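Asks: Whole structure, please, built from the sequences with the hints as guidance.
Protein sequence lines correspond, in order, to chains A and B.
Letter by letter, the first sequence follows residues 1 to 609 of the numbering used here.
Letter by letter, the second sequence follows residues 1 to 599 of the numbering used here.
Calculated directly from the structure, the hints in this document are not laboratory data.
The structure presented is a predicted model; accordingly, all values stated were derived computationally and were not measured.
For glycine and all other residues, C-beta sits at the position ideal for the given N, C-alpha and C.
Treat the hints with care, since some could be wrong.
Estimated spans, in silico, between C-beta atoms of each pair [stated by the list, open to error]:
1. Asn421(A) x Thr355(B): 55 to 61 Å
2. Pro480(B) x Pro350(A): 42 to 48 Å
3. Asp427(A) x Gly375(B): 54 to 60 Å
4. Pro574(B) x Leu349(A): 52 to 58 Å
5. Pro350(A) x Arg329(B): 37 to 43 Å
6. Arg329(B) x Pro371(A): 39 to 45 Å
7. Val182(B) x Leu175(A): 40 to 46 Å
8. Gly78(B) x Val179(A): 17 to 23 Å
9. Glu460(A) x Leu369(B): 26 to 32 Å
10. Thr419(A) x Ser478(B): 31 to 37 Å
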Amino acid sequence: MTSASDRAHEWRTWRYMVELARYKPWLYALEVLFNPVLFYFVPLIPALIVRQLLDGLTGSAPAELNIWGLVTLFSGVWLMRHAFNVVAIVTDIGLNHVGIALLRRNLLNFVLQQPGARALPHSPGEAISRFRDDTESIPNFLAWTMDPVVQVLVMITGLATLASINSLITVAVVLPILVTLVIVNNATKRIRRYREAAREAAGGVTDFLGETFGAVMAIQIAGTQEHVIRHFEQRNEKRRKTALADLVFSQALQTFTFNSASLGTGILLLVAARSMQGGAGTFTVGDFSLFVSYLGWLTIVTSMFGNFLILYRQTGVSVKRLMELMPGAPPSRLVEHNPIHFTGSLPPLPQPRAAEPLQRLSVRGLSYTYPGSSHGVRGIDLDLERGSFTVITGRIGSGKTTLLRALLGLLPPDAGEVTWNGRRVEDPAAFFSPPHGAYTPQAPRLFSETLKDNVLMGLEGEEADFDAAIHAAVFERDLAELAHGADTLVGVRGTRLSGGQVQRTAAARMFVRRPELLVFDDLSSALDVDTERLLWERLFAKSGHTCLVVSHRRAALRRASHIIVLSEGRIATQGTLNELLQSSAEFQRLWEGDLGAAQPAPESDTAPA
Amino acid sequence: MTDSEPTPPVKSSGRKILVVLRRYFAPQWRHSLLLLLLLLAGIALQLINPWLLGQFIDEAIAGAPLNTLLKLAGLFLGFALLRQLDTVAEAFLAANIGLRATNALRADLARHCLNLDMAFHNARTPGEMIERIDGDVDRLNNFFARFVIDLLGNFLLLIGVLILVWRIHWQLGAALTSFSLVTFVLLNRLRDIGVPYFRDARQANAMLYGFIEERLSGTEDIRANGGVAYVMRRLLEHARRLFRADLKASLMSFSVFGFTRALFMAGTGVALGLSAFLYLEGALTIGAVYLAYRYTEILLQPIEVINRQIQDLQQAGASVARVQELLNRSSRIQDSGTTPLPQSGALPVEFENLTFGYIDDDNASGAPLELVLRGLSFTLPAGSVTGLLGRTGSGKTTLSRMVFRAYDPTGGAVRLGGLDLRAAPLADVRRSIGVVTQEIQLFHASLRDNLTLFDPVVPDAQIESVIRELGLGNWLDSLPEGLNTLLQPGGGGLSAGEAQLLAFVRVFLSEPQVVVLDEASSRLDPATERLLEQAITRLLSGRTGIIIAHRLGTIERVDNVMILERGEILEFGPRAALAADPASRFSQLLAAGLEEALV
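Replies: Here it is in structure tokens:
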């Protein structure tokens, strides 16, 4: 986390803004020029009209008085401003959503490029709060980025107008505005700290909600709903406190800047008192009205500038939090210009190409240790020949899954080298996806889409390919029994299917991509004897598959061309079934545990020669 | 599917909102009263200052002594400072009220949803639930904090300003009053127009977060199977839909408010012209003209705030409607039983002509999709252990879920200790059962909370002894802070097998009367499984057990065997008898297992 935040500091917040602005320059230009000009400048006009009117009435103005002309002009200015607001809304929402979509796209894309088993620094629920709140703050600030320029312009215009009436009074009333600016600027460090604490507490809330609703059944059975809610309330309470501190501090700052308007008006009263006495004429009622109006407005403009500084700090916090989701990434990745296709049709999905056929896959010295623990795998060497069936076995916690993940780049290896037909694989995570490899994890995840979409995941192909994959995964009978067949919605995380059906759907997802290397982690753990046997039979009926499998099941071990026994993260022993049954006590224990007391038959006698 | 949840038409959200408001606002009436007082003080301060300015002008023009003018200026400054203090206090109080009220609502909502049936949860992603419990309620924050207070306060401000304007001149008062009235009548007519659009936008949001959360939980599957491009494309589809829904909602609401606002601005112009004429006719002083102009400007504020609050009401209306939708969704599992189950001792489990089919949660009629269990009748004697076999998808897991009443039967009944599950309190049913499944969900919380699921009563010593009994003693000792160690999100660092052992610890701690092991040891290697055997034997002794397995080895300990096929009982009887009968499916399976061992 610290390294991520250090990197985020390599770019100041404004540089992200520049990149975002450049993404849709015309939309940006429209938003930041049109809106602020409308917002800041238009209110200057009615005040001038009113001054004219008041001076006309008191006889201070030289021109002929046309009351209704002035009134029409007054109303007209406001009506025009409102009419233009429609444009403002469209550009505002447009710029916002474009920015949000781009950030989310870049974030999710980066997360999906990460070692899949360690893609997020925290939980998915916690990440949601970043995907939700922090991506919204950044484009929201983008709309403000040109405001200071317009603010300065409107200040100059307003002050010049005032100075042309009475420069001494102008200087006197502007002083408080300057003082507040200095103070606000000095307070911004604390703004940042309060905002960070508030966002972190918010992450704690979404994190917990996500986990809770992923474990509803367990909680219901345990009957601890009330305890869970109490824990939830604690996290909510923490968020309340941090959010209050965040809000009250920035509110107090804003109020403070705002206060300078009243101070200015008070000073105006003091200074102008003499000049106005008895209607002497150096400072007219109209002038007075204009001063009060402008002072009010210019102070609002100043407080908007204070606001801008506060927002800038808070946006910096959001940028940092998003970069924490992208550890090691250059800052430009967050705001990289990629198409988001808000209009028009979406382009076709890229389809996998044919791969160089696998002849030999070698692994040398592969190591991975989980951060902050001694668990992991160390110094793994293995070779897979084309058409071989290699089984990795071992006790729980011996590192079987870790080995697969490190090999496939789903965990970032600490050391080691993987070669494909003798050539080094530079980026295993990118390399070991179809057409080179595909993987079915121990607890596969399906998504709330149709069964077919889950299997194909955007793959365009013949109907026959889908049917073949379903057949290979021994799913054809289940498919026929599902109410809507391949169009059945599988429910959240596939909950409308049984555990075994989820595993076989995931297997079909792998088969349909025809990868060179098939990697299964404990595929058959939820399959019955018949189904499992059928699955291996069908897999072996087609030649040319190279398989790497984690299993402790005899059905798999018996078909293995090579068996690797892991113990405490290292290869304890390896060989063929016969060799291991004769030489390895550890393997014998693993082998015999399976049928246990029921079948303590001396397997080595009956094993194939 | 939730992707296309229909949007029912909204007539008036007013009453629903009041109900929610009353429940969560009422407990904070003291704070709210204080907030109202601050608001009223603010209004008074706001009205005094223009009056001081008007006085100042008239006094200055009339040539009053400098002393009088300076006194007026000093007063002005003092009131201005007071008003700023008032503003900060008001902001703090309002935010606090809002956060407290929304937190209470969040907790209630989470509690309600947590007790809903599984058909509901199977149709909703955790991400969608986050958005519905946290996101939707968040939109109510401002509403809770400010709505009533602001509405009331600004209404008073409006009346106050109008009275003051009437006092300046009745014609001015009449003109501004009629403009205000027209504006409000229009607003009231049009205010609900935006609600369905805001609701669509909220739903698009919830769908997007549901989508993202689900994908973030499946990064491994997506990455290693080349699904990244596909997922990215779906994300963009969601983003596009959200953009369109949001734009529509904003334009819709603007068309209402822009119109009324423009109308009111025209009114301001008329008032300005009118006061100018009244001055020329000698009915007003110049100070009064200025004051009238300032008051008209101030009048804009309550109209704007009320405008904004009604706009907020539209959004709040959409959120409240979604919150209500959740709260109105009652669990399909009615907890109306009153006959207590025995507190200890094994219980017999009995199914009588039980039929069951899952219900599509969006389907209001509640008709089951297709039958998963068909006409099951059997009795598992108290203290017996039954092995449940069958192809995947044959209904084993569903059958086991009927026992702890995750679902109610479509037809027939399930009895525990002779009592229909529906006649017993739900808490009794759940307390009497312990379940270990293949999947275990871990929390980003302490090990202790993970094992007790946040129950603070279970003593540490008991937890530790169970952990050691299950052979995890070394692992426990290796943890830096023992039971208080924070488990990493997603169980990082724990192997799937170790996580499964934790599920066993959970069940041991709950001391159930009936135990369901659903593929409970499938992730364990045979050697570890044997280590666990003793513990399982102890767990099952004196309890009724149901063991779902596809490995024959797993069910050596069972008394009875039941084989399911397509939701029907293919075979049910004592294990030994079935094994001895060469015609039985069980003995064929055994043979297949043996044959497998011999090939």
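Asks: Run every hint past the structure and note whether it holds.
Replies: Hint check results:
Taking 55 to 61 Å as the suggested C-beta distance range, the pair Asn421(A) and Thr355(B) conforms, at roughly 57 Å. The given range of 42 to 48 Å is respected by Pro480(B) and Pro350(A), whose C-beta atoms sit roughly 46 Å from each other. The given range of 54 to 60 Å is respected by Asp427(A) and Gly375(B), whose C-beta atoms sit roughly 56 Å from each other. At about 56 Å, the CB distance of Pro574(B) to Leu349(A) agrees with the hint of 52 to 58 Å.
Taking 37 to 43 Å as the suggested C-beta distance range, the pair Pro350(A) and Arg329(B) conforms, at roughly 42 Å. For Arg329(B) paired with Pro371(A), a C-beta distance near 42 Å keeps the hint of 39 to 45 Å intact. Roughly 44 Å separates the CB atoms of Val182(B) and Leu175(A), a value that falls within the hinted 40 to 46 Å. For the pair Gly78(B) and Val179(A), the supplied restraint of 17 to 23 Å holds, since their beta-carbon distance comes to about 19 Å.
Range check, Glu460(A) to Leu369(B): Cβ separation about 30 Å, and the 26 to 32 Å hint holds. A hinted range of 31 to 37 Å holds for the C-beta pair Thr419(A) and Ser478(B), which are about 35 Å apart.
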